[in-house]
Amino acid sequence: MCIFPKHSEYQQIEDEIVQTLGNANDVNCTICGYHYNKNKAIVYNILCILFLGIPYVIFNWYPYFQTIKYDKSSLKNADIVLLKDDQGKFQLIPIERRLAFIPHLGHIDIRYFYYQHTQYVYHQVYNFIPLDVFVPPNSLQDILEYSNGLTSTEYKNLLDLYGSNNISIEVKSYWSLFIEEVFNPFYIFQIFSVILWCLDEYVIYAGCVCFLMLLSIATSLYQTRKQSIALHDLVESSNTEEVQVLRPNSIWGHTQVTVDSKELVPGDLLVIPPTGCVMACDAVLLTGNCIVNESVLTGESIPITKTPPQPSSEAYNPLAHKRHTLFSGTHVLQTRYYGGEQVLARVVYTGFSTTKGSLVKSILYPSPIGLKSYKDSFKFLFILFIVATCGMACSLALYIHRQSGVWDTIIRSLDIFTIVIPPALPAAMTVATVYSQNRLKKLGIFCISPQRINICGKIKLACFDKTGTLTNEGLEIYSVVPCENSNFIEPVINLEGIDPKSLLIQAMATCHSITRIDGNLTGDPLDINMFESIKWELEEPGTSESSRYDMLGPTIVKPKRYIDTSELNLPYEIGVIRQFPFSSNQQCMSVICRTLESPQLLVFSKGAPEKVSALCQQTTLPRNFTNRLTEITAQGFRVIALAYKQLPRNFKWKDAQKVERIEIEKDFIFLGLLIMQNTLKPESQPTISILKDANIRTVMITGDNIRTAVAVARDCGMIGLNEDVLLVNVHESVHHNVPPITTERIGPNTEEKNYVFNFDNSNITFAMDGKTWTNLRMHYAYLIPRLLIRTTVFARFQPDQKTQLVVNLQKLDYIVSMVGDGTNDCGALKAAHVGVSLSQAEASVAAPFTSSIENISCILHLILEGRCALVTTFAMIKYMAVYSLIQFTSVLILYINHSLMGDTQFLFIDLIIITTLALTIGKQGPSLSLGNKRPLGSLFSVRNLVPFSLQVLLCVAVQIGAVLYLHTQFWYKPLPAGTEQVVTTWENTVIFCVSCFQYLILALVYSKGKPYRESIFTNIWLLLIALALTCFITWITICPQKDLANFMDLIPRIRGQLYFRVSLMLFPVVHFILSILIEVCFADRFWFQKFLHIVTCKSQPKSKYKQIMQHSDIPELFSN
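Here UniProt numbering is used: the first residue of the sequence shown is 1, the next is one more, and so on.
It should be emphasised that the hints constitute simulated quantities derived from the structure, not laboratory data. Keep in mind that a hint or two might mislead.
[To be verified] Label pairs and their calculated CB-CB ranges:
1) Thr219 x Ala1028: 20 to 28 Å
2) Phe382 x Phe1032: 33 to 41 Å
3) Tyr64 x His967: 47 to 55 Å
4) Ile68 x Asn28: 24 to 32 Å
5) Cys390 x Met778: 52 to 60 Å
Backbone N, C-alpha and C define an ideal beta-carbon position, used for all residues, glycine too.
Sequences and hints are given; from them, build the entire structure.
Set out below in structure tokens:
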């Protein structure tokens, strides 16, 4: 039996071993079925015992190898699944079994597993699918007809199926966290190193490293547990302890009972209290209206009116029907219902399936973004592993040749591994991100996905919403253009001069979703400005907000000062009986009203001119409607169309409460246009200018009129004054099976209707609307990439179209940022590489970044910090790698010369020099200006590898040169052949002193400032530490006192050797000069980049959008 709706994206498949499924974060994962094999499990356990648990540790790191205990099996018969995510990570998840009641199927035995708090249930046709998909969604009709609540049996069955309504954030014990941390490969490697050093009698060094390792583990445990507790407390703080639900009752029909919010299940009938509440689940509103604050989800603080849906056979969808859904975690401010009835809602999602659960999951399991720096760091580790292997081979050969003892040979060879592979590399990589995140937080920019900070540094294209993002949220009424007898009349600027009883004023007074909270008007800024401009009053039933839900009476609007001259002397008031709220998909809203003196009901509608005009009787529209609309919007005004119609006399109050929206919104009479000014935010134009100068492309994605959007794009500088704008149209035509592409020129010389398109003309940009986008995807998909690279304005785009656009831009290899207010942009904000929601909230489900700087200048801070973090991360990786190679070179040279490095020397290098420098390198802030070049995105690019390799070779050459210089001294006497390795030797002293300077030099070189970071001279801590270390190392190089020299395992000061010690300082000086020259001459140099292009025969760019730009042989795009 197939229980899925036709639109399901899950396809019928055969009985397979492997399946691809989508998890809660829309990431494709692959699962493979396995069946338990008792014999293999016994062999596995024996191996673990024989090898002291080492196989268990390794298999814990690599779950894929644990499958040796199992046989591959079909998913139908599997006991366990091996899951592989997009990042190539594996996880073994056991399959559980239980008897459960499934709506429409009854009691059945289900097999399921949990992954990232999502329950996947086995279906005989579709294999494993999410429980929400397994249970088919109810139609709106079914939801609305459900009025008595769940019986005790139904409730128990659903509780068994869905579990408790609990977003549980596990706060693990310190012991559990300790075990997980200790089994991290890097800590295992450090434990191995400590054991090795103890065997090699480096006891003091091993003890210090062990202490620091324990301190690091303790710090990590504290921070991890602290973050878990903070998230746990955040989730719990918005939980409601008790709620009211309805249960069936044979006497009264139903009974209201109080239950714990954690006991709610899908299907429960929830009573929304009149004083409001914080929603404990996702629920569809069945009766009454609710005013809701959804800032926790969207970042938008303006309350939204929620209304019940219309009866329909359409399957419920939380995104499509969000205007009828009360989302978990949101705050219901006020409820309203007429006739003494309760405000009811039906629970549809609980626990992690709710919108609040999605927010928590997005924090717990951020979407993978494939960071190159992270992958490159492991490539570096692999290279270092190869170097370590070669070094170990050299060490083995050397000690075997010397006929050293077996134990000594093994210890010295293994010691190479502990030197070459830096266990602190992962921690060092996070330093830059931590510093950047803290700086952003001080600016009021919060981040729930810190790894995306580095991506900010590679942004190539910035997308912006218009209203509330580029322009101010508030709209000022400029004028109205009334329509009389199907003709526009002169615009009216002073609205007080219009008769309050005119239909146009009535429409402005009633057609809105304004309410009063704490005595203040609350609602959409457009609605509030429109209402306040006509100087009317709004009265809601009841004496207080908390009593409105049970009062019989509509919302009343009336003029503030109006004297009725009629004989009846009745007050002039209009009651709003029914409201059909605005939605992005509908692009309009309507209300059913009645004036006190009239028995007949009226319908008023307002919305996008294109939408409202389509709903009007065409004979009521002025002939020049399109031309006048074009003329107004081209000036940057926002235009709202108004219309009305009278309902039949027999259409009564009860009919108004039941009628469907589609039956009301048709055959309107056009009333006129409301013209509003939407001024640019003062920061918009300068920010766009800076982005364009930085070679970052900017585009606008808005739901507003396309000509208004183009005008705003010109005002803010997205479109240059000398640029021509071509409006691309692909609209359905009865004369063509495939709609033709036409163009219209917007701006100067618009009389040229048909424009000869020349792709080579860089002064041409495109604009398109949502309808054109849909038709392009349907009929001209092959042209989309070529159009996207030249389109600046995307207008009349619905939320899902915004998401589609962002995804298509990413396919062209753009690194895309999206800035919006979070209301209709959630999908696009989450799809973008860098999504920024302008909001006062510290975190929202809308985007990885939330900015309390409520203008687009926040994107500049993100890009600057991103570039700084990316460059610093690469610098840290290179520094840690070169530090390991310097020490590796030092140890090999000393091995060859029968010497070793001392305990104190290792401590001084690792703890005093490296630790302090590594912590301070990342403290440099971002550059104050945004350059036109982005930093390199790959550590393994030739432009990075060549300077790095030269730096390593220089380090090796300087150390070898210093030792050779030592050997030329007349007083130098080498150790006799066969001498056991000694710590305090001249080779040791020279190598130690020179290498210490090298660590310091490379730290300074990799801390260069421009063009992406502040000058090194702003990093006071680094300079002070570098100065102190320079003085100390110079002291122990030139004239170390005897006690200090003995402590540091160095040759003390001896007469006749001062000249050598002073001249030895030339090596670090020359190294410093050459090291700076390498960075100055090679890194980030245009000539070097061109040279590499010639050497590597690079004929075309890698990015797809650049490749498209290079080709001008484009087929004819437009027909006249």
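Status of each hint after checking the structure:
Between Thr219 and Ala1028 the Cβ separation comes to about 25 Å, which falls inside the hinted range of 20 to 28 Å. The hinted window of 33 to 41 Å between Phe382 and Phe1032 holds, with their beta carbons roughly 36 Å apart. For Tyr64 and His967, the Cβ-Cβ distance of about 52 Å falls inside the hinted range of 47 to 55 Å, so the restraint holds. Range check, Ile68 to Asn28: about 26 Å between beta-carbon atoms, so the 24 to 32 Å window is met.
Against the hinted window of 52 to 60 Å, the Cβ-Cβ separation of Cys390 and Met778 comes to about 59 Å, which satisfies the hint.
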